[in-house]
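Trainee: Residues per chain are reported as follows:
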Amino acid sequence: MMNLVYTYQPLFDYFLLAVGFAYSQQMVLRAGVFSIGSAGFASIGAYFVAIVVKDHGMNAIVALLIATLLGCVGGFLLSIPLARLRGVFQAIATLAFVQIVVSLCLYFDELTGGPQGFNNIPKLVGTWHLLAAVLVTIYFMYVISRSAIGRAFDALRQDETVGATLGISIRKYHMIAFVLSGALAGFFGGMQSLYTFSIEPEMFGFTFLVAALTYIILGGRGTVTGPIIGALIMSVLPELARPLADNRQFFQGILMMVMIAFMPHGVFDGLVLHLRKRRAAARDKLFKEAH
Amino acid sequence: MASLVLSNVSKRFGGLLAVSDVNMEVPPGKITGLIGPNGAGKTTVVNMITGLLKLTTGSIKLGDRDISEAEAHEVAFAGVSRTFQNIRLLPEATVLENVVIGFHVHVRSSLFAQLVGLPSSVRETPKLFERGRQLLERFGMSRYADHPAGGLAYGHQRRVEMMRAVATDPKILLLDEPVAGMNDVEATELGDVFKELAASGIGLLLIEHNIRFVNQLCEQVYVLDSGAMIASGTPQEVMHNPAVVAAYLGTKK
Ligand SMILES: Nc1ncnc2c1ncn2[C@@H]1O[C@H](COP(=O)(O)OP(=O)(O)OP(=O)(O)O)[C@@H](O)[C@H]1O
Ligand SMILES: [Mg+2]
Chain A
1 MMNLVYTYQP LFDYFLLAVG FAYSQQMVLR AGVFSIGSAG FASIGAYFVA IVVKDHGMNA
61 IVALLIATLL GCVGGFLLSI PLARLRGVFQ AIATLAFVQI VVSLCLYFDE LTGGPQGFNN
121 IPKLVGTWHL LAAVLVTIYF MYVISRSAIG RAFDALRQDE TVGATLGISI RKYHMIAFVL
181 SGALAGFFGG MQSLYTFSIE PEMFGFTFLV AALTYIILGG RGTVTGPIIG ALIMSVLPEL
241 ARPLADNRQF FQGILMMVMI AFMPHGVFDG LVLHLRKRRA AARDKLFKEA H
Chain B
1 MASLVLSNVS KRFGGLLAVS DVNMEVPPGK ITGLIGPNGA GKTTVVNMIT GLLKLTTGSI
61 KLGDRDISEA EAHEVAFAGV SRTFQNIRLL PEATVLENVV IGFHVHVRSS LFAQLVGLPS
121 SVRETPKLFE RGRQLLERFG MSRYADHPAG GLAYGHQRRV EMMRAVATDP KILLLDEPVA
181 GMNDVEATEL GDVFKELAAS GIGLLLIEHN IRFVNQLCEQ VYVLDSGAMI ASGTPQEVMH
241 NPAVVAAYLG TKK
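Going line by line, the protein sequences match chains A and B. Numbered by my numbering, the letters in the first sequence go through residues 1 to 291 in order. Numbered by my numbering, the letters in the second sequence go through residues 1 to 253 in order.
Certain hints may be false.
[Stated by the list, open to error] The following residues of chain A were derived to be distant from chain B, with all beta-carbon distances above 12 Å:
{"#": "1", "residue": "L4"}
{"#": "2", "residue": "G57"}
{"#": "3", "residue": "M58"}
{"#": "4", "residue": "A60"}
{"#": "5", "residue": "L69"}
{"#": "6", "residue": "V73"}
{"#": "7", "residue": "V88"}
{"#": "8", "residue": "Q99"}
{"#": "9", "residue": "G126"}
{"#": "10", "residue": "V236"}
{"#": "11", "residue": "L237"}
[Claimed, not checked] Here are the simulated lysine to aspartate or glutamate pairs, EDC-like style, with alpha carbons at most 20 Å apart:
{"#": "12", "chain 1": "A", "residue 1": "K172", "chain 2": "B", "residue 2": "E69"}
{"#": "13", "chain 1": "B", "residue 1": "K171", "chain 2": "B", "residue 2": "E92"}
{"#": "14", "chain 1": "A", "residue 1": "K285", "chain 2": "B", "residue 2": "E237"}
{"#": "15", "chain 1": "A", "residue 1": "K277", "chain 2": "B", "residue 2": "E92"}
{"#": "16", "chain 1": "B", "residue 1": "K61", "chain 2": "B", "residue 2": "E74"}
{"#": "17", "chain 1": "A", "residue 1": "K277", "chain 2": "B", "residue 2": "E97"}
{"#": "18", "chain 1": "B", "residue 1": "K61", "chain 2": "B", "residue 2": "E71"}
{"#": "19", "chain 1": "A", "residue 1": "K277", "chain 2": "B", "residue 2": "D66"}
{"#": "20", "chain 1": "A", "residue 1": "K172", "chain 2": "B", "residue 2": "E71"}
Derived by calculation from the structure, the hints in this document are not laboratory data. Idealized CB from N, CA, C, for every residue including glycine.
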């Protein structure tokens with residue numbers, strides 16, 4: 001029994017971190033912003049926390065709060081030049097941002113350790129901390145999704161012109177999405193630092209952002225449960241498919257293509273939409289029989 | 001209640017003068033007609049009023065307030081709402097959710113309250129959904145509340161769009177060919193809805209191809225042709241105006 005716990009605990013921990021980053025990615029996509037900048041904010045949060053906690057002995061909680069704030073400010077600043085961009089142009093611009101952060105981390109090696117990474121970070125975060133952080137995040141995601149902000153995001157994602165004519169300021173709500181997404185990424189980036197002993201620039205590069213996107217494509221953009229499902233699938237699948245480990249990237253790619261083609265809303269959101277349609281059809285049938 | 005007044009409004013798309021020096025008034029409590037052949041510039045006028053297109057020249061006022069330069073969301077807050085010629089619903093959302101998004105301008109809880117889940121925001125949401133249900137009731141659409149809006153029949157989709165526009169509690173409501181593609185029975189039904197809305201004090205601008213339908217509902221009709229206002233007046237006056245007859249016979253059927 002203990003063996004099982006020891007084997008799977010790291011997996012569970014990484015799943016929890018994945019949920020955090022998935023929510024950061026979902027926040028922007030939900031509002032119809034195709035930003036993939038979460039990796040950059042996670043990197044900023046991770047390096048900031050690692051440096052101030054290890055080299056300057058800052059209190060971990062204070063460091064995490066500042067990392068969250070840095071994510072907010074970063075999201076806000078990034079949203080300004082990107083306000084006019086949409087779709088693939090947003091994606092490319094935010095990808096450039098991620099690569100700038102990676103190269104800055106490589107370049108300022110006296111501060112960051114450069115390509116060798118930043119090592120011997122005190123391990124102050126364990127499973128319970130991660131779990132608590134994810135639960136608090138789920139609370140906020142739920143509250144926001146039930147609020148006018150969540151409804152505004154949903155409207156802008158589906159048709160931003162309609163949203164605007166109903167009084168939703170596209171610029172304002174896209175900015176809010178950037179800020180919240182940055183906050184989540186900065187915070188969970190900091191958590192990851194205090195969990196993993198060492199970080200390196202490429203941890204927050206292309207692989208990271210593909211993973212974050214994958215959680216949402218698998219899970220869904222519009223529900224609080226979606227990212228959890230997406231992160232779960234991506235955490236469990238490699239374990240189930242151990243024999244395929246050599247070709248993991250290959251099968252991951254196939255899975256993505258199948259998902260996008262057949263369940264464009266993701267597993268969970270797709271299910272919700274499907275049930276909605278079924279229920280509507282059933283009620284129509286009842287109504288027709290009654291008349 | 002405030003009138004919507006367009007003064008010398010023009011719109012140029014590159015070399016094309018799509019709307020040229022248009023003057024028009026939409027008074028409260030009445031249904032004003034705007035007719036004209038295909039490509040006359042009717043939708044362009046609506047897009048300029050609602051802040052989706054910038055004016056090339058001219059000004060638009062709602063009461064005392066100049067909204068010529070206002071952005072789309074500011075125009076909505078000022079009290080102008082619209083429907084779209086090619087229906088635009090939020091396809092993933094239910095009918096009720098589509099209507100509730102129309103209450104956005106009435107949201108009172110602060111951003112902070114919404115972000116951290118203060119009672120002012122948490123309690124507001126069910127209240128708005130309740131108001132949405134009442135609106136569905138009024139339009140006879142209650143049984144579709146939880147249907148995905150994208151899957152409804154055409155006539156019902158038009159109603160959903162109308163309810164969403166009415167949910168903003170507008171002073172001025174712009175309807176861009178709201179009965180296009182409907183049969184006469186459905187159109188007459190909607191005509192009654194329009195009369196009710198006007199009776200409640202809203203100023204309606206009704207864009208239509210069907211002159212007979214406009215005649216039944218409007219006291220004042222404007223006729224646009226190739227971007228220019230060629231006639232205005234009561235339906236009778238307009239119908240017998242030689243320029244209007246020529247415009248319609250010349251380009252239609
Ligand atoms: N965004 C745009 N860019 C360029 N030209 C445009 C644009 N929108 C409309 N036009 C042109 O302006 C003219 C007026 O178009 P508009 O859609 O306003 O006409 P309409 O009266 O609404 O016609 P319909 O009855 O077919 O809906 C047309 O010639 C159209 O091609
Ligand atoms: Mg038109």
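Trainee: Which earlier hints can't be squared with this structure?
Mentor: 13, 14, 19
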